[in-house]
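Peer 1: Sequence:
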Amino acid sequence: MKSSSFLPAPHLEDATNAMEAIGIEETVQVRRKPNMTDNERLLMADFLLKHSQGESRLPRAIIAAAADKFQVHRNTVSRIWNLMKVSLDVGASTDVVLKQVLSRKRGNCGRKKKDYSAALERVKQLPLNQRGSLRALSSALGVPRTTLFRLLRNEGTNNSISATDHQETSLELKPTIANSIKAALSDKNKKERLQFCCSKMQPNGVFDNMFNMVHINTKWCSLPGNRDAKKKKIMFLIAVARPQWDAEKQQQFDGKLGVWPFVVAEPPLPLGTYTEANALSVDPSRISRVFRVLETITKREIQAMITTSVIPAIKLKLPSSLRRVPVLIQMDNQQVRLTADDPIVAEHGSTGGWNIRVQYQPAYSPELVVLNHGFLKSIYPEMIPPQLRCPQLPLVEELIAGVERTFAALPKRQINDAFLTLQKTMECIMLAGGSNDFESQEGATKKSLQNDGSLPVSVLCKREALLCVNPF
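Residue 452 in UniProt numbering sits at position 452 of the sequence shown, and the numbers go up by one each step.
Misleading hints may appear alongside valid ones.
Taking lysine to aspartate or glutamate pairs in the DMTMM-like style, the calculated list, with each CA pair at most 25 Å apart, reads [as the list claims (entries may be wrong)]:
no., residue 1, residue 2
1, Lys105, Asp95
2, Lys188, Glu295
3, Lys424, Glu295
4, Lys85, Asp68
5, Lys233, Asp38
6, Lys99, Asp187
7, Lys233, Glu295
8, Lys105, Asp187
9, Lys190, Glu464
10, Lys412, Glu248
11, Lys412, Glu295
12, Lys191, Glu404
13, Lys191, Asp95
It is worth saying that the hints were derived from the structure and are not from the lab.
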């Protein structure tokens with residue numbers, strides 16, 4: 001009876017004994033590569049010839065042994081052996097057999113590396129409003145954002161090197177990004193951060209719902225158009241609260257309190273006065289009103305913005321049920337230099353039955369501002385293309401309108417996710433003992449949980465985090 005050509009795979013112990021019987025050397029640990037080099041192919045061919053004993057048939061377990069020795073798949077070994085068998089069957093010499101296994105690929109193979117040097121040169125000619133962020137610059141150049149980030153990171157390297165040279169010198173040419181984002185914290189700073197996180201927690205280990213928290217932050221936005229203008233950017237103050245249900249109005253509060261620019265509206269300039277018009281790149285004959293951009297933001301400007309814009313917006317938009325509890329405006333004391341018990345702010349915040357106070361986050365703690373989690377970077381002015389721009393509209397008004405459009409387009413889900421991310425960040429701070437040595441919590445998406453209706457209102461703090469703050 002003719003034996004079947006499909007033999008069962010040998011048992012593991014039998015294969016091991018067979019490998020030991022033929023005297024296979026110790027496995028060579030090499031780095032796995034997409035393609036074997038000619039030297040590696042010749043070594044494998046020599047290994048197979050030595051164990052084939054001059055025949056076109058290999059003993060059992062040799063292919064598996066070669067695959068294990070050279071750290072490749074057994075199909076790769078079989079493919080090389082089949083190339084050798086063609087010459088062995090016709091009785092060719094050893095040199096001819098070994099020549100069959102050499103790679104047919106010569107020189108640089110594959111897709112050629114794209115040259116983005118022309119795109120990088122165009123960056124210098126773009127107006128400032130088109131290169132204020134990586135997303136805007138990517139749209140203006142027509143280059144993918146990830147590719148643009150890699151090009152800007154490796155700007156000092158030669159972009160026209162070949163693929164082979166790039167593989168050999170990638171470790172030498174690739175620079176590192178030396179950006180000190182996280183500040184060094186003292187023991188006092190760590191203790192203040194832990195105390196702040198504990199103050200936002202209930203006795204049962206669940207974080208507060210933060211419905212009475214108002215987070216404010218500042219953001220600079222660049223003016224469009226003329227790059228040579230004296231005043232090139234405007235500071236905006238942004239205020240948000242957590243989205244919640246308003247029982248009195250019977251509707252959902254979206255969490256957006258407002259965005260306000262630090263500008264002063266002045267009467268029209270008299271004819272012949274071109275100082276302010278030239279600074280704003282506006283024709284004086286087309287001006288109906290002039291915005292004077294505040295170049296320096298001091299305590300007085302912040303105080304006026306809070307009392308005239310933020311506090312009235314809180315009383316108008318927040319649910320009236322929050323009058324029974326203190327409403328806290330959280331800000332960074334390193335920027336505004338406004339005391340928490342400021343008498344003017346306290347006077348405006350205590351009218352109408354409200355109790356609105358100012359609260360500061362710990363020093364060197366930008367991650368404790370909800371506006372830094374996820375969507376502050378998305379508030380970027382949507383500028384009108386130059387060919388569609390209305391010449392009667394001053395540049396300052398166009399910038400303000402663009403920022404207001406992007407702020408109004410923010411979904412309330414994104415704001416609510418930012419508050420949950422803030423609670424997870426507080427948990428990480430507690431686990432790290434008050435330091436900032438932890439991964440960002442902005443990447444975790446909560447959209448699927450919200451669709452299922454299982455998105456929690458507050459995060460339950462881990463037991464390990466609670467144990468870390470017991471001494472405090």
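Peer 1: Against this structure, judge whether each hint is valid.
Peer 2: Status of the hints after comparison with the structure:
With a C-alpha separation of about 20 Å, the suggested pairing of Lys105 with Asp95 holds against the 25 Å cut-off. Under the criterion of a C-alpha separation no larger than 25 Å, the hint pairing Lys188 with Glu295 is inconsistent with the structure, at around 34 Å. Among the hinted pairs, Lys424 with Glu295 is inconsistent with the structure: their alpha-carbon atoms are about 37 Å apart, more than 25 Å. With a C-alpha separation of about 21 Å, the suggested pair Lys85 and Asp68 falls inside the 25 Å cut-off, and the hint holds.
Distance hint between Lys233 and Asp38 is unfulfilled; the C-alpha atoms sit about 59 Å from each other, more than 25 Å. Proposed proximity of Lys99 and Asp187 is contradicted: the alpha carbons are some 68 Å apart, above 25 Å. Of the pairs offered as hints, the one joining Lys233 and Glu295 holds, with about 9 Å between alpha carbons and a cut-off of 25 Å not exceeded. Using a Cα cut-off of 25 Å, the hinted pair Lys105 and Asp187 is violated, with the two alpha carbons roughly 61 Å apart.
The suggested pairing of Lys190 with Glu464 holds, with an alpha-carbon distance near 17 Å, which does not exceed 25 Å. With a C-alpha separation of about 19 Å, the suggested pairing of Lys412 with Glu248 holds against the 25 Å cut-off. Distance check on the hinted pair: Lys412 and Glu295 sit about 32 Å apart at the alpha-carbon level, beyond 25 Å; violated. At most 25 Å may separate the alpha-carbon atoms for a hinted pair to count; Lys191 and Glu404 exceed this at roughly 38 Å.
Among the hinted pairs, Lys191 with Asp95 is inconsistent with the structure: their alpha-carbon atoms are about 74 Å apart, more than 25 Å.
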